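Visitor: If you're matching them up, the sequences are chains A, B and C in order.
When we follow the numbering used here, the leftmost residue of the first sequence carries the number 7, and every step to the right adds one.
When we follow the numbering used here, the leftmost residue of the second sequence carries the number 18, and every step to the right adds one.
When we follow the numbering used here, the leftmost residue of the third sequence carries the number 84, and every step to the right adds one.
No wet-lab data here; the hints were simulated from the structure.
Where hints are given, some of them may not hold.
As the list claims (entries may be wrong) - Lysine to aspartate or glutamate pairs mimicking EDC-like chemistry, simulated, CA-CA at most 16 Å apart:
#1 LYS133(C) - GLU443(B)
#2 LYS133(C) - GLU513(B)
#3 LYS426(B) - GLU416(B)
#4 LYS24(A) - ASP43(A)
#5 LYS607(B) - GLU558(B)
#6 LYS133(C) - GLU26(B)
#7 LYS607(B) - ASP231(B)
#8 LYS133(C) - ASP639(B)
#9 LYS24(A) - ASP36(B)
#10 LYS220(B) - GLU239(B)
#11 LYS86(A) - GLU557(B)
#12 LYS92(C) - ASP181(C)
#13 LYS118(A) - GLU87(B)
#14 LYS133(C) - ASP638(B)
#15 LYS24(A) - GLU34(B)
#16 LYS25(B) - ASP28(A)
#17 LYS118(A) - GLU513(B)
#18 LYS24(A) - GLU557(B)
#19 LYS61(B) - ASP71(A)
#20 LYS86(A) - GLU558(B)
#21 LYS25(B) - ASP123(A)
Since the model is a prediction, treat every value here as computed from it, not as a measurement.
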Amino acid sequence: MQIRAGVTQRLLIVDDSKVMRDMVAACLRPLGDVSFDFAASGLEAIERLALANYQLVVLDLNMPDVGGIEVIEFIRQQSKLSKLPILVVTTRGDETSRTRVLEAGASGFLPKPFAPDQILADVRGLLASA
Amino acid sequence: MGDQVDLKEFVGGFIAESDQLTASATAGLLEIEQANARNELRPKTVRDLFRALHTLKGLAGMMGIEPIVELAHAFETVLRSADQAGGRLGARGVELGLITVRGIAERVRAVADDRPVPRAPDGLLDELARVDITGTSAAPAPYVAHGWDGRLAPGERTQLAAALAANKKIYTLTFAPSDATSSKGVTIATVRSAVAALGELIKVAPRSQPASADAPAGLLFELLVVSDASVEQLAEAASSTPGRVMPVVGEAVAPASLELPADDEIAPIGRSVVRVDLGRLDELQDALSALVVSRFRLERQVAALAAAGVDVRGLRETCEQQGRQLRELRRGILRARMVRVADVLEPLSLIVRSLTKPGVKEVRLELDVRDSELDKAVADRLLPALVHLVRNAIDHAIEPIVDREKAGKPRAGTLRIECREGAGNELEIAIRDDGRGIDRDAIGRRAGKPILDTATLLDVIATPGFSTRDSATETSGRGFGMDIVRRIVVSDLGGELALDTAVGRGTTFTLTVPLTIAIIDVFSFECAQQAFVVPVATVEEIFELGDHNAVTGPSAKGRLPIALIERRGKPVQIIPLGTLLRIPCEVTAKKALVVRRNGEALAFAVDRMLGRHEVVVRPIDDVLARVPGVAGATDLGDGRPTLLLDLVELGAGVSNWREVQPS
Amino acid sequence: MTGLHVAFKVGGAEYVVSADQVLHLESFTEATHIPGAPAFVAGLVQVRGKLVPVVDLRSRFGITPGWSATREHQLDNRVIVVSVGSRVAGLLVDSARDVLRLDESTFQPPPDLVGVQAAGFVKAVTTIPPSRLLLVVDVPRVIGEEVAHA
Chain A
7 MQIRAGVTQR
17 LLIVDDSKVM
27 RDMVAACLRP
37 LGDVSFDFAA
47 SGLEAIERLA
57 LANYQLVVLD
67 LNMPDVGGIE
77 VIEFIRQQSK
87 LSKLPILVVT
97 TRGDETSRTR
107 VLEAGASGFL
117 PKPFAPDQIL
127 ADVRGLLASA
Chain B
18 MGDQVDLKEF
28 VGGFIAESDQ
38 LTASATAGLL
48 EIEQANARNE
58 LRPKTVRDLF
68 RALHTLKGLA
78 GMMGIEPIVE
88 LAHAFETVLR
98 SADQAGGRLG
108 ARGVELGLIT
118 VRGIAERVRA
128 VADDRPVPRA
138 PDGLLDELAR
148 VDITGTSAAP
158 APYVAHGWDG
168 RLAPGERTQL
178 AAALAANKKI
188 YTLTFAPSDA
198 TSSKGVTIAT
208 VRSAVAALGE
218 LIKVAPRSQP
228 ASADAPAGLL
238 FELLVVSDAS
248 VEQLAEAASS
258 TPGRVMPVVG
268 EAVAPASLEL
278 PADDEIAPIG
288 RSVVRVDLGR
298 LDELQDALSA
308 LVVSRFRLER
318 QVAALAAAGV
328 DVRGLRETCE
338 QQGRQLRELR
348 RGILRARMVR
358 VADVLEPLSL
368 IVRSLTKPGV
378 KEVRLELDVR
388 DSELDKAVAD
398 RLLPALVHLV
408 RNAIDHAIEP
418 IVDREKAGKP
428 RAGTLRIECR
438 EGAGNELEIA
448 IRDDGRGIDR
458 DAIGRRAGKP
468 ILDTATLLDV
478 IATPGFSTRD
488 SATETSGRGF
498 GMDIVRRIVV
508 SDLGGELALD
518 TAVGRGTTFT
528 LTVPLTIAII
538 DVFSFECAQQ
548 AFVVPVATVE
558 EIFELGDHNA
568 VTGPSAKGRL
578 PIALIERRGK
588 PVQIIPLGTL
598 LRIPCEVTAK
608 KALVVRRNGE
618 ALAFAVDRML
628 GRHEVVVRPI
638 DDVLARVPGV
648 AGATDLGDGR
658 PTLLLDLVEL
668 GAGVSNWREV
678 QPS
Chain C
84 MTGLHVAFKV
94 GGAEYVVSAD
104 QVLHLESFTE
114 ATHIPGAPAF
124 VAGLVQVRGK
134 LVPVVDLRSR
144 FGITPGWSAT
154 REHQLDNRVI
164 VVSVGSRVAG
174 LLVDSARDVL
184 RLDESTFQPP
194 PDLVGVQAAG
204 FVKAVTTIPP
214 SRLLLVVDVP
224 RVIGEEVAHA
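Please take these sequences and the hints and turn them into a complete structure.
Guide: Okay, structure coming up:
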C-alpha cells in the first residue's frame, strides 16, 4: 500500500521515555515522506493536537498526570479528531488494557516489546485505511 | 523491506535513561521511608515510582533484557497495590523496593560493560510476590473541593484533603495554549514546571470547549496547586492573568490516624454492588437531560400539528409513553447516584472526636439517619455545610464540662443528627445540640434591632461577617460562616434552612434539601443587560462579531432582522437574541454563540460572555413560566433566578417571529 | 364561619385573600423577566430558595396593559406568595398590611363592576363598617386557568 505521494504525513509520537520516542521514529522513518513531532506526556500530546493537524498518533499508555486512556477519550470527544488514527503501544502485563484501550477509541494496539517491522506495518496499515 | 532498524543502536540511550530512572526510583523510595517514619503518606511518589518501574520494564523489553523485565514487573505489581491502598507502601515494601532497584541498576551496568546479565533472583521475586499491603481498605476518601472532586484519583484527593486540613492556600490556574504561546516557547510542559516550582502541584487536567478568545485552540489546562506564592507570581507561571487565578475552597478531614473509628456499625454485606465512576453517571445524566429537552421540543411540535388540524391521538399516546419511560429512566439514573446518608456523615464522627478535649469539653455524636439516601452531587455540596454546623456547635454551643455540671446537665454534650424524608423530593436533616442555645436578645443588641422570630434570627446570624465571637476560634473562624451554609443550602441546592433555639437548653438547625439535583456545565452571558446561561454541550463555537462584516439583507416588515456574515467561506445567519426574546435594549451585541440545528449553524448575537460554571438547574414547573426556549433556571450566586436557554429551540421560532405592536 | 384574610391594595381598591392560601409575604425588588410569558407575568423570583413566578396584579386586573421592568417600584410593593394545590405563585401588589378576621357569611356575590369583575377574578365582596369595601379574590383564577402564550 502506498502512502499518498507528495503529501508529507505528520506523525505525533507520545511517550515519556526519550529513548522510546527515538526508537519509534527510527522504526517509522522507512515510511518515506513523514515528519515527526514528539510529546513527553499526555498533556503535551493534547496540546499539540489542539495546535496542529496530524495524520496519526503513536501513544504510550503509561504517562504522568493524564494517562493514555484519558488522552484517547479526550481526543475522541473532539469532533475534528474523531477519525484520527491512534496506535497504542504499551508494555506487556496489561492484558486487560487491550479491551479498555479499544473501547476508549484507539485504532490499534501494539504490545511492547515489538519488532521494528511490526510497528512499521501497523502504522502503514492505519495510514492507508484512514 | 529495506534496512532493518537495529534497536541495539539505542543501547546508549537505554543505559542513560535507565540510570536516571533507577536513581530517581531510589530517591523516591527513600522519601517514602522518611515519610513513613513521620506517619505520612506519599501517594504521588508511589505513582511516580510505579511509572518509573513500568518504563524500565518497557525499555528493557524492547532491548530484550528479560531479567530486568522480571524484576521491574514484580516490583511494579507491589506498587500497583500500594497505589490502590491510597499510596501506602510499608517498610517491607520499601526495603524490597530498594533491593530490586539496586538489582536493576546492576544489570544495566552489566549491559553497559558488555557482560552477561545475571538472571533475576527467584528468592527476591518470591518475596515481592508475597508483600502484603496491609489495610488495603484505604481510609474513606475524604471530601474535597468543588470543581475538582470527581477528577482526582484517591491519592490526589488525599493530598488535597491534607492541604485543606492544614489550611494551606490552594488555587486553580488556567492555561490556554495557542499559536501565540507556543511560538513564544510557552507550552503545557514549561507551564507545568514553572507552576510546580512554586509549590505542590497536585493535578493538571485538560478541558475542551468551543474555540473562543479565552481558549483560542479550543483547549484549556487547569492546574491544581498548593502554594504560598502571590497571585501575580502564579498567574505569570501559568501565562495567565491574576483574575483567572481561582482559590480553591473545600472541607476535608485530614487522615490523621489511619485506623477506622471503633464504634462504627459495619455495613451489611450481601448487597451485590458495582463501583461506578461518578463521571460515568454524570455522562448518563447529561444524555438524559438532552433527551428530556428534545422530548419537550417534540411535545411542542405535536401541539403545533394539533393546532393545524392534524389527528395526533396516536402520536400523543406515543409521546406520553415515551415520557413515562423517560421518567423511569431518570428515576433509575438518579437512584444510581444515590449514596447513603450514613456514609456521607461518616467523616463527622472523626471530626467530633478530634474536637473533643477529654476533661475539658466532651461531646457525644448521635446519628439517626436509618437508610436515608441522597444524590451524590447534593451530598458533596452539603457536607461542608454540615461540617461547619457541627464545628460551630462544638465550638460555641456546647459548654465545657465545668459549666454543664453547674447547670445540672450531663457531663458530655450531645450532638444529634437526624434525617427524615420530607414530602416530595426532599430530605430533612436536623442538627440538634443540648448546649447553651442562642441568646436572641444579645444578638438583637449586636445587630441593632429587636429579633422577633427565628427567621429573623437566622437572617441576622447568616449575614456575611457576623460572628458570635470577636476573635475567630481555632476551628470555626476561617471565614466559613453561616452565610456560606445558607448559600449552599438555599441558593446552591434550592433547599431551606431553619433554626430553633432556647437559651440554656440548646439549638436545632433544620436543613431541607432536595434528594436529587441536575448539574450542568454552562456558559453565562449577557443579552440586553440580562444574564442567561446555556449548556456548554450545545455551543459549537463563540466568536467576536466585530471581526466580521455583517450584511443585513432586506427583512420583511415586522420580521426578525437577521444579519449575514461570512465565516470560513460559508454564510452564517446572525440572530439578535435580545430582539428574538423581545427584551428592549440599546447595547450593541458583540459576541455570537453558534449552535447547530438540523446540521445548519445558527449564530445568536449577545452582548458579552460572562463565564463558565457548573450549576444546579431547576426545572420551571409552573405553567405561567413555561415558555419555548427556556429549559430551566439556576442561581449564579447573586440570589436571582437566571434562565437557562435552549438556543436550538429558540432557533426554531425564528421564522415565526413577528413584531408585536404596542397596544 | 370566620377566617383570617390578608388584605392588600391594587390601584386604589382593596382586596383580600384567605390566609390559608398564603405562604409568605415578601418585599419586592425585581423579578427575572421570562421572555414569551404572558404580559401579566412579572417574572421569576427566588423565595427561600424556591423558584416562584410572580403575577403582576396591576396588569392582571387590567389597570396597566402589561408588566414593564422599568416601572417604578414603591417600597410598599409586596409579593404575596400563595399556594394552590401543588402550585406556588406570587402576587405582586401595591401594598399589603392588614390581616383581618372576616365572617364569610357576610360575603356577597360581586355586583356588576366593569373590567375587573368581568374577568372573573373577584368571587365575592364584603364590607367592614363603616364603609370599607373589600373584594375577595379568586386566587386559582388569577394565577392562570387561561394561559395564553405570546
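Visitor: If a hint holds in the structure, say so; if it does not, say that too.
Guide: Status of the hints after comparison with the structure:
1. LYS133(C) - GLU443(B): holds (13 Å)
2. LYS133(C) - GLU513(B): holds (9 Å)
3. LYS426(B) - GLU416(B): holds (10 Å)
4. LYS24(A) - ASP43(A): holds (12 Å)
5. LYS607(B) - GLU558(B): Cα-Cα ~14 Å, so holds.
6. LYS133(C) - GLU26(B): violated (71 Å)
7. LYS607(B) - ASP231(B): holds (15 Å)
8. LYS133(C) - ASP639(B): Distance ~12 Å between LYS133(C) and ASP639(B) Cα, so the pair holds.
9. LYS24(A) - ASP36(B): holds (13 Å)
10. LYS220(B) - GLU239(B): Holds, at roughly 8 Å.
11. LYS86(A) - GLU557(B): Roughly 12 Å separates the two Cα atoms, so the pair holds.
12. LYS92(C) - ASP181(C): holds (10 Å)
13. LYS118(A) - GLU87(B): holds (14 Å)
14. LYS133(C) - ASP638(B): holds (11 Å)
15. LYS24(A) - GLU34(B): Satisfied, since the Cα-Cα distance of roughly 8 Å is no more than 16 Å.
16. LYS25(B) - ASP28(A): holds (12 Å)
17. LYS118(A) - GLU513(B): violated (58 Å)
18. LYS24(A) - GLU557(B): At roughly 37 Å apart (the allowed maximum being 16 Å), GLU557(B) and LYS24(A) break the hint.
19. LYS61(B) - ASP71(A): With Cα atoms ~10 Å apart, LYS61(B) and ASP71(A) stay inside 16 Å; holds.
20. LYS86(A) - GLU558(B): holds (13 Å)
21. LYS25(B) - ASP123(A): holds (15 Å)
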